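**Student:** Protein chains in written order, with this note's numbering: chain R, 5 to 202; chain G, 4 to 589.
In case anyone wonders, no lab produced these hints; they're calculated from the structure.
Keep in mind it's a predicted model, so treat the numbers as computed, not measured.
Warning: the hint list may mix true and false statements.
[As the list claims (entries may be wrong)] From the derived model, a few chain R residues whose C-beta atoms are all more than 10 Å from chain G:
1. Arg6
2. Leu23
3. Asn26
4. Val97
5. Glu115
6. Asp132
7. Arg133
8. Trp136
[To be verified] Straight-line Cα separation of at most 35 Å, DSBU-like style, residue types lysine-lysine; simulated pairs:
9. Lys183(R) with Lys24(G)
10. Lys183(R) with Lys259(G)
11. Lys6(G) with Lys259(G)
12. Lys63(R) with Lys407(G)
13. Lys407(G) with Lys469(G)
14. Lys183(R) with Lys5(G)
15. Lys6(G) with Lys8(R)
16. Lys259(G) with Lys215(G)
17. Lys6(G) with Lys190(R)
18. Lys185(R) with Lys5(G)
19. Lys190(R) with Lys407(G)
20. Lys407(G) with Lys487(G)
21. Lys43(G) with Lys127(G)
Note that CB positions come from ideal geometry on N, CA and C, so glycine has one too.
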Amino acid sequence: MRKKLDFLFAGVGGQGTILASNIVSEVGMRCGYDVKKSEVHGMSQRGGAVESHVRWAEKVYSPLIEEGNADFLLAFEMLEAARWPHFLAPGSVALVNIHQVMPPSVNLGQEKYPEEKEIESILTGAGDRVIWLEGAAKAVELGNHPTLAGVVLLGVLSTRLDEPAETWLRAVEDLVPAKFKELNVKAFWAGREMAAGS
Amino acid sequence: MKKLMSGNEAIAYGAYLSGVKVGSAYPGTPSTEIMENFVKYPGVYTEWAPNEKVALDVGVGSAYAGTRTMVTMKHVGMNVAADPLFYVSYTGSNGGLVIVNADDPGMHSSQNEQDNRNYAKFAKVPMLEPADSEEAKQYVGVALEISETYDTPVILRTVTRISHSKSAVEIEPEPPLVEKTALPAYQRNPGKYVMVPANAKRRHPVVVERQKQLSQYAENSPLNRIEPGDDRIGIITAGIAYQYAREVFPTASFLKLGMVNPLPEQLIRDFAGQVNEVIVIEELEPFIEEHVRLMGIAVRGKEIFPNIDEFSPQIVRECAIAAGLIEAEPASDTPVPRFDLPVRPPMLCPGCGHRGVFYTLKQLGVLVLGDIGCYTLGAAPPLAAMHTTGCMGAGIGVAHGIDKAGVIDRCVAIIGDSTFFHSGINPLINVLYNQGTTTTIVLDNRVTAMTGHQMHPGSGRTLQNKETFQVNISALARGIGYEKIDEVSPYDLDKLSAVVEDHLASKLPSLIVVKHPCVLYAREKHPVPVVDPDTCVNCGTCLELGCSPLTQEEDSISINPMLCNGCGMCAQTCPTGAIQIAEINS
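The shape of chain G in the complex, shown without the other chains (with noise of 0.2 Å):
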């Protein structure tokens, strides 16, 4: 039988298929759903990290135990888990430990394009990847076998169109469900897994000559295959690209490799021996066609196709048109010519409580050192109340840095809850300690809002949906030694305001959490307010909210019921009280 599954249910069944025992991660998209499906399956543990790399220390602490496990995160999480990938590389991880990697090509939901296949060659681990869900769901389970023959963490890469897309899936037989005997011993081996110097020296061999042994897997496994065509033009690819390639070229002669390092020299040098020409087709970097140009095989790739943005059948198409590679197909009468319309960008929720403190910010003035979460979208128009936005966790710290140039603007650090868990904490201590004056904003909603409303510290869940204890921000920070601490709702306005003003007058290094629960997800609606078209002037202010339900009218404006959350702040807002709180009871 089989089932419709996106790449991410099939890798969390592919994992459960397997044995995996403990999964841990830090959701992203497009990333998270693998996760939230995987707990769903009986005797597995699963959990939220406050960030990847303390879910990858996990990850590996469990392998070390013996037990299968998977660690999974977007392309940039890695960035945040580099450290503990490096370290297991040279210790080798026992059990079995698959490290699941979301790439963003296009850049969906993220700050920046990265082809982390670079990673599995940095830090010398094998890398599969899958083309579809079928895929998907078997490399988990390749890679677990490959991490406990070879004794390395293997890297399973997806991207969005992997992970987002859904492809027919064969449901498996129930793995058997497997009597705990024992409790797993842990086997002391502090040679293998002290890494001070001395041990790494010696570990260090042992993963080149694993590299090796890998290299020679790899030649053999059919994870990399040739599908033999028309000889004229022979294409290495692999993941989603091979699948735009096959609409594109539909007889040519294959290389597809579902492992991409290390790669398989040989059957390249035999693939390159059976075609005129070698092409490779591959998103991001070119990272396939250097490695076989470095091999003295005649290749092109990125001289034809884009090393930026995501590849569609289109984009492949036209490339390969352009180069010759295939007859442009013959041109329809009338090209479809493309309008200008008003553009739909994602918006701040109505009745969201970040509108509130942006609002807030834009009216005093103040230079606004943001982060990433569904609060970046304050930076919109009209909003347009955010000036920087790096990665996760960077915003405390660029407003440190702007204090200490001397810069005597105001400014405040402004990130959410889950952020603040995640890497918000050493810079806030940062503050404290070099004594500066920053002053720092926590939008504490208590979910991770922008991915899907996952828990995290601060939400009293776990992943498991268990209660749990709730991580308090003040008390934190009171913990560390901020004197300066206050607690505010955003729909008070007025007091919101006084409340930041004082902290900016403050030459102490201060925090304002900001509390209101995330509307999408408390599902919280009160009354419409009601626009009095006589005494409304259309100037206009209220819009500055950026509220969806919010219309001018040709003669007022207009709140629109059904999508209106009833929040209030727009009659907060208005100069000539021409919006009025419904009363409750009407």
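Just chain R, with the same shape it has in the complex (with noise of 0.2 Å):
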């Protein structure tokens, strides 16, 4: 088991941010971590944007990561990755989805979409790489359902932990609604498959 590990997600609302958390979690308590976890609901379901923070560690008082202290972001949105530099360690790996949705300023015309680039450049600022995944592009493909990009992230996390794939498909099936459960274990895997592809 290792000292500590904290994760932060961020994504926009129905992204299924929090379900990937909430699998994140229980993994971890299954693995004999003490764990916990912070989000804000509230307005999330409108459009905003939605972080969510897991920590895993032999006992943890706080449910908030401190700031320059998170071992991986997991951002189902490129923007949205974009927001939190600040509390990635030296060390730390972004996982971030290839997708964007256009907040309103950018939709009025009244601000730009960052670039990858820029993206990368801010977040490899404080951290130390980007891994920049098909996510959305494999949910399209295995049945367009919000959520299964997130799944498909953590196929991608799991391989870079130690805790057995096992645990973490049993998680994902016990956690997701039972008539996509079968879509979701796919996505699991196709996440694993692409950490082997790259």
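Make the complex out of the two chains shown on their own, each in a separate frame, by following the hints.
**Tutor:** Rendered as structure tokens:
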């Protein structure tokens, strides 16, 4: 077991950010870590930004990660990824879904959506590296359910940690709605393959 | 076995384990999920009340009848429920009564920050404050025991980061199913329960004596504990602040309070005697700090830590470093710069009927006196068609006041259906009674949408998912005496505009009920309109709707089919007819 692992999740309402963070929390519990998780509900379903913190350690006090301490950033939308460089620990990894949801100011032509290169430089200024992932494209290929991309990213994440794939798989199966179980299992394996290929 | 639960799930679980049989609440972030989870347990009765005052009166009745009862609300809900809180403090509760109060430091979803620990002191009732989900579960049972032993309501206080954070909770054996042998008999005792002045005068000293006994309880209760450590700094803290402080001061001595009213004075004195310096770390007001200072103990708190916004580990650390309490960490070579990125505020959903109303009101240039709900997003640009929002039910009264001040500007009050049932009916009566001319618009989508689609008196279903009466808002207004009432769909912009114009021109107090189901709840989707790039002059008129699928490209407008709900409002606003409603069979 590691001393501690802090995961920061970022996305847009409706992308399954909370579900993905619930799955990571569950995996931590089942592997014997003390786990805490925090997010803010409320207006998130109305298209606003969503963030969720998951912490694994022998003993966790604060449910919020302290700035500069996140070991992994899992971002389901590119602009949302760029908001959190100050949370990244040295040596951390950002897994970013290649997917854009335009915020209102961009729709209205008042602001520009940042370029991929710009986002990469924002994140690598603090963390170690950015891994761009075709999670959204894979989700479309598998069945276009909005939360599938998140589970694809979890498949990738699982390859970078020591916990067995079986534990991840069980947690995915137990936490997703029963009728989408099969699709989500496929998405998880797709993520594992994607990691092997990258 | 342990299970991850949010604070709210743990409170519901704790209530079930402790034999709570009746629950009443009005939804409010961050408290809503308590009742939504409690309803799932067997053998319990739960309901959504129209507002927090009604919920607490219901809870009082149930507790008077000897039944363990839970009432839940957000911090500003306690303002609404303050009246019953004060009388039930005097009368006592008989059966266990726990009032769960969820504060929202940082205002994630609220109109103001307030520290409701002050209500416990104000109403002279005990208050417990858990620091994680396991404590949240346990404290419900402790609160009920205190309630029954000392004949008092007990407030359980959480904050957003307790209610909405998950941590491990020990799963307990199922509580024994108690056979209902006899229906509860109400024990009549008017001298205790009729709060006329003569009786209330006799009850107040009882309350003061109860406070003394509770202070004694606090001294010896395991809820308050000293965690010995380094004697240089002694930290007094409670709730979520304890968790942050523990991260920042891993070796300090702690007095961790689980009961924040009344405070254990002797325990505080003993603790202060064991350490060189006493520091209080608490979010919002200096509630504990002021009490400790009044005891004559040298203490620092708010001169170091802020009295606004919610805390985080880094805020506690930065303040502690600035005050010299801990060493600064070696600075990293390059501090992470902050980037100026486009913000992503919440917006009205694609297809939301509220959008048509705010678009129309903006076109007509009227003054809009708003209220609390999803529709408050009508204040955000580009709609920007709401000019005041205060508290639940405020808009109609504010509009009437503006009317009576003699303002000639055309104005309307706007309120959602759930908010109308919460506290919009009284001000609607006031307009009629005092011969005002206010036009009130009720946005009637038949559900409490903003907090996550809870049922209300207009929904036709109860919290327990039973079919029930559906209160008709037009019929209600007619019964009050309103004569000018119209019902209209928000999706026909021309008709909506004509109806609003007609009402504004009338001197009668009037009501417009805008009827449309919440699109996020009904999940209805229609074909996506088609933009003809040759006809589109890229004027941006449709963008005034503030609908997220509409994007201004270089030459024309585009509609994101993944996001679009197909409501067709954009086609109605297009001056060149470039946006066409899609054929149903296409």
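**Student:** Can you give the numbers of the hints that this structure goes against, from lowest to highest?
**Tutor:** Violated: hints 3, 5, 10, 12, 13 and 19.
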